[in-house]
Amino acid sequence: MENIIQFVYICSAALFILSLKWMSEVKTSRWGNWAGSAGMALAIVATLLKPDIHGYLWIAIGIVIGASIGTPMAVLMPMTAVPQRTALSHAFGALAAGLVGTTEYFLKASQLSLPQLVVLSIEVFLGFLTFTGSLLAFGKLQEIIPTRPILYPGRNYVSFSVFAFCLLLSAYMIFQAGYHPLLFISLIIFSLLFGILLVLPIGGADMPTVISILNAYAGLSSSFMGFLLNNKLLIIAGALDGSSGLILSIQMCKAMNRSFTNVLFGGMGQVIDVVDPSRDGKVVKSLSPKEASILFEAAKKVVIVPGYGMAAAQAQHVVKELTDVLENKSIDVKFAIHPVAGRMPGHMNVLLAEADVPYDKLVEMEEINPLFPETDVVLVVGANDITNPAARKNPGSPLYGMPILDVDKAKQILFIKRSMSTGFAGIDNDLFYSPKTIMLFGDAKKVLNDLVVSINSQ
Amino acid sequence: MTLGDWLTDFYVFVLASFLGLELIRNVSRLLHTPLMSLTNAISSISLVGSLALTGEGEKTWVIVLGTIAIISSSINAVGGFLITDRILKMFKKSK
Chain A
1 MENIIQFVYI CSAALFILSL KWMSEVKTSR WGNWAGSAGM ALAIVATLLK
51 PDIHGYLWIA IGIVIGASIG TPMAVLMPMT AVPQRTALSH AFGALAAGLV
101 GTTEYFLKAS QLSLPQLVVL SIEVFLGFLT FTGSLLAFGK LQEIIPTRPI
151 LYPGRNYVSF SVFAFCLLLS AYMIFQAGYH PLLFISLIIF SLLFGILLVL
201 PIGGADMPTV ISILNAYAGL SSSFMGFLLN NKLLIIAGAL DGSSGLILSI
251 QMCKAMNRSF TNVLFGGMGQ VIDVVDPSRD GKVVKSLSPK EASILFEAAK
301 KVVIVPGYGM AAAQAQHVVK ELTDVLENKS IDVKFAIHPV AGRMPGHMNV
351 LLAEADVPYD KLVEMEEINP LFPETDVVLV VGANDITNPA ARKNPGSPLY
401 GMPILDVDKA KQILFIKRSM STGFAGIDND LFYSPKTIML FGDAKKVLND
451 LVVSINSQ
Chain B
1 MTLGDWLTDF YVFVLASFLG LELIRNVSRL LHTPLMSLTN AISSISLVGS
51 LALTGEGEKT WVIVLGTIAI ISSSINAVGG FLITDRILKM FKKSK
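Residue numbers (full-length UniProt numbering), protein chains in the order written: chain A, 1 to 458; chain B, 1 to 95.
Keep in mind the hints are simulated off the structure, nothing from the lab.
Note that beta-carbon positions come from the ideal geometry of N, C-alpha and C, so glycine has one too.
Hints should not be assumed to be uniformly reliable.
As the list claims (entries may be wrong) - Just so you have them, the derived chain B footprint on chain A, three or more residues with Cβ under 8 angstroms:
1. 67 to 78
2. 87 to 95
3. 151 to 163
4. 305 to 317
5. 387 to 394
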C-alpha cells in the first residue's frame, strides 16, 4: 500500500509542476489550473488510503466546512477584492501549517531528533507569522485598518528584538531537546507578534510585494512540514510555492526600484509632506469632461493608463465602454500596464479582463514607453506614482529611480483624479503642472461616463 | 529518520526550489494574479499533513486542532482553485 501511495504522490508532484508550466501562457493557463486541482485531489485521495487513518468522520466534516466557506469566497468576491481574498487565504493556509506543527510538538516533543526540532521550529515560526501578517494585510487591503504605514520610533529595534527572541527560544528548545510546553507556546506568541510587526509599517504602495512575500512564507512553511513528516510531496509543492512568491516579490521590488530590505523595514507610503517651494505659481489646468471630449476628435492614437483609482471607483466597465466608443471612431486604443499598478501583481490585467477588454490590448511598460511620443491623448485614470516624471528627473524625490510610464512624453495628457491629493507614496505629481496636462476632477466612473456621452454626441 | 533521509529531503527541496524559479520566471506579467492564487491553492498541500493528523488522532484535542487545520487548508485549496479558474475564464483575445 505504501508504495502505491508514494506513486500517487509522485503523480501529484508532476501535476503541480505541469500546472505551473501551463500557467506561463494564457492559452494553456486553464489547463494549468485543472492540473493543479487534479494534483491536489490525488494528494488527498492517496493520504486517505493510509492504513493508519481511521477518523474519516472529522476529516469529512472539516473538508465540507472548508469547502462551504472557500466556495463563496471565490465565487462571489468582486475582482477588486482579489488581493484581500488572497491575503486571507494565505492566512488560512499558514494557520493550518502552524497548527499541524504545534500538534506534532505536543504529541511527540520528547521523541523528536535535533533536525526534526529545527524544521518544526521553522515551520511553526513561518506559519504563525504568516497567519497574523496576512490577516493584517487583509485588514489594510479591506481598509478596516489604515492603509498608510503605521510607524513608531525605534520600530526596527522592536521587530529585530522579537525576531531575535524567537531565534533564542528555538535554539534553546532545539539544543535542550525534551518537552518545553511553555517555551513552545511563547514561540507561537512571539511568532504571531512578529507577523504583526512585519506588516504594520508597510504601506499600500508595497502591498503587491507583501502579498507575494507572504505567499512565499506560506509555501516554505508547508515545505518544512514536509521535512518533519518525511513527505516529499509537501516539500516539492511548498518549495514551488516558496520560489514563486520569492521571484514575484523580487520582480515587484525591481518595478519600484526598491531593495527587499527596504520594503520589509522601510516605510514608503509614509505621508511625507513635501512642500515643494517651486509649486507656488504653477498653474493647474482643469476642464469639464464635456469640454475635454473635444480633444478626442482629432486623436488617432489613445493610450489609457489605469491605476488603483479606477479599481476603487469600479470604473473598469466604463473604461471598456469608452474604448468601444473611441474604436468606433477608428481611434487606436491601447492600455499601458505598470507592473505595480493595483494592489497585487497583475491586478490591473484582471480588472480589465473582467470588463472584457481583450488582453492583447494590454501593453506592458517596456513596450508601451517608446510609443508615448507618438500618442495623441493619454488618459490617466487614477494612477499617480507610476506616472510621476519626478522618478526620472528629480534625484531628491523618494520615487527617484523607479521605472515609470513615460506619460509626460505624449502630446496631450488627461488626468482623472478626485482631487489634488497625493497618491500612495504621498508625493505630489509633477505631471499635474505640465502645460500638456488637463485635470478632470471627479469620481472616475462619473467622469468617464460623461466623456462617453459627450464623445457619442459629437 | 536517518541522516541519509534528511539529505534526500534537502536534495528534493533544493531541486524543487530551482525548478520553481525557472518555471515562474517565464510567466507573463499578464498572469501574475491568477498565478498567485494558483500557488496559494497549491500551498494548501499542508492539507495532507492535517488529514494525517486528524485521521490518526486518538486524543480529542488532536482531533479538534486537526479539524481546524483541515478547515483552514480546504478553504485555501477550494477558494484558490475556484477563483483562479474564474479569473482565467475572463482573459480573452480581440476578435
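Okay, the hints, checked on the actual structure:
no.	hint	in the structure
1	67 to 78	holds (count 8)
2	87 to 95	holds (count 5)
3	151 to 163	violated (count 0)
4	305 to 317	violated (count 0)
5	387 to 394	violated (count 0)
Consistency with the previously given hints fails for numbers 3, 4, 5, ordered from lowest to highest.
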